[in-house]
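Going down the list, the sequences are from chains A and B. Offset between the first sequence (1-based) and the working numbering: plus 177. Offset between the second sequence (1-based) and the working numbering: plus 236.
Some hints here could point you the wrong way.
Here are the computed distance ranges between Cβ atoms for each label pair [to be verified]:
#1 234(A) to 249(B): 23 to 33 Å
#2 298(B) to 193(A): 44 to 54 Å
#3 324(B) to 233(A): 42 to 52 Å
#4 189(A) to 318(B): 32 to 42 Å
#5 324(B) to 187(A): 44 to 54 Å
#6 257(A) to 306(B): 36 to 46 Å
#7 228(A) to 256(B): 14 to 24 Å
#8 228(A) to 287(B): 16 to 26 Å
#9 233(A) to 287(B): 24 to 34 Å
#10 305(B) to 288(A): 33 to 43 Å
#11 239(B) to 252(A): 38 to 48 Å
Restricting the straight-line Cα-Cα distance to at most 27 Å, the calculated cross-link-like pairs of lysine-lysine (DSSO-like) are [stated by the list, open to error]:
#12 244(A) to 307(B)
#13 233(A) to 301(B)
#14 179(A) to 244(A)
#15 307(B) to 293(B)
#16 293(B) to 254(B)
#17 219(A) to 233(A)
#18 293(B) to 219(A)
#19 307(B) to 179(A)
Everything labelled a hint here was simulated from the structure, so no lab data went into it. C-beta atoms are modelled at their ideal positions from N, C-alpha and C, and glycine is treated no differently.
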Amino acid sequence: QKEVEQNSGPLSVPEGAIASLNCTYSDRGSQSFFWYRQYSGKSPELIMSIYSNGDKEDGRFTAQLNKASQYVSLLIRDSQPSDSATYLCAVIRSGSARQLTFGSGTQLTVLP
Amino acid sequence: EAQVTQNPRYLITVTGKKLTVTCSQNMNHEYMSWYRQDPGLGLRQIYYSMNVEVTDKGDVPEGYKVSRKEKRNFPLILESPSPNQTSLYFCASSPRTGGPNEQFFGPGTRLTVL
């Protein structure tokens, strides 16, 4: 079992719709969770961090964390073509507090 | 401008020829790290550094070396590159003392080993 799992996609949504990206992790003791966005040919950039159960909203982005289910998600409201990118879920594991473990990413395409 | 820089951006080399990829940050960050990114495997950590003279292995350290003599610089050294080290490499730094929270990534170095 991979430590951080994401559906690779591609995930396609129409412009204006809600895009839902999901991530599960295997280490129950993990405490810190991040979503990075990576445009094709570019480096990852941090868009959300979440540390507590529940929802965290930042503009059109909402991160959701459920530690009991070991599940973290990212919702993008009013999706725009400029949101088309690969979204990487990352976790700081309990046994490796100085390391960040990434999922393999979900490719999102927002269709005009 | 706050940034992480890497050089070179692109490199084609041959098996066994030692090379160094430089990484520098101007944000006074203590934590720095190297990752490689391969299709289907995502980003995997090679080495990280908590501060000057403090480095540790990540998940895929074999075939790589690092050093941290100055806070701003964290070079990645391949003593004897092999074709399986062909990859896209990213350097990153973090403002948080003690860990990789909220990392800033460099632009990447695409390495091809023939």
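Going down the list of hints, with the structure as the test:
no.	hint	in the structure
1	234(A) to 249(B): 23 to 33 Å	violated, 46 Å
2	298(B) to 193(A): 44 to 54 Å	holds, 47 Å
3	324(B) to 233(A): 42 to 52 Å	violated, 30 Å
4	189(A) to 318(B): 32 to 42 Å	holds, 38 Å
5	324(B) to 187(A): 44 to 54 Å	violated, 20 Å
6	257(A) to 306(B): 36 to 46 Å	holds, 41 Å
7	228(A) to 256(B): 14 to 24 Å	violated, 36 Å
8	228(A) to 287(B): 16 to 26 Å	holds, 23 Å
9	233(A) to 287(B): 24 to 34 Å	holds, 30 Å
10	305(B) to 288(A): 33 to 43 Å	violated, 50 Å
11	239(B) to 252(A): 38 to 48 Å	violated, 30 Å
12	244(A) to 307(B)	violated, 35 Å
13	233(A) to 301(B)	violated, 39 Å
14	179(A) to 244(A)	holds, 17 Å
15	307(B) to 293(B)	holds, 18 Å
16	293(B) to 254(B)	holds, 20 Å
17	219(A) to 233(A)	holds, 26 Å
18	293(B) to 219(A)	holds, 25 Å
19	307(B) to 179(A)	violated, 33 Å
Violation of the numbered hints given earlier is confined to hints 1, 3, 5, 7, 10, 11, 12, 13 and 19; the remaining hints are satisfied by the structure.
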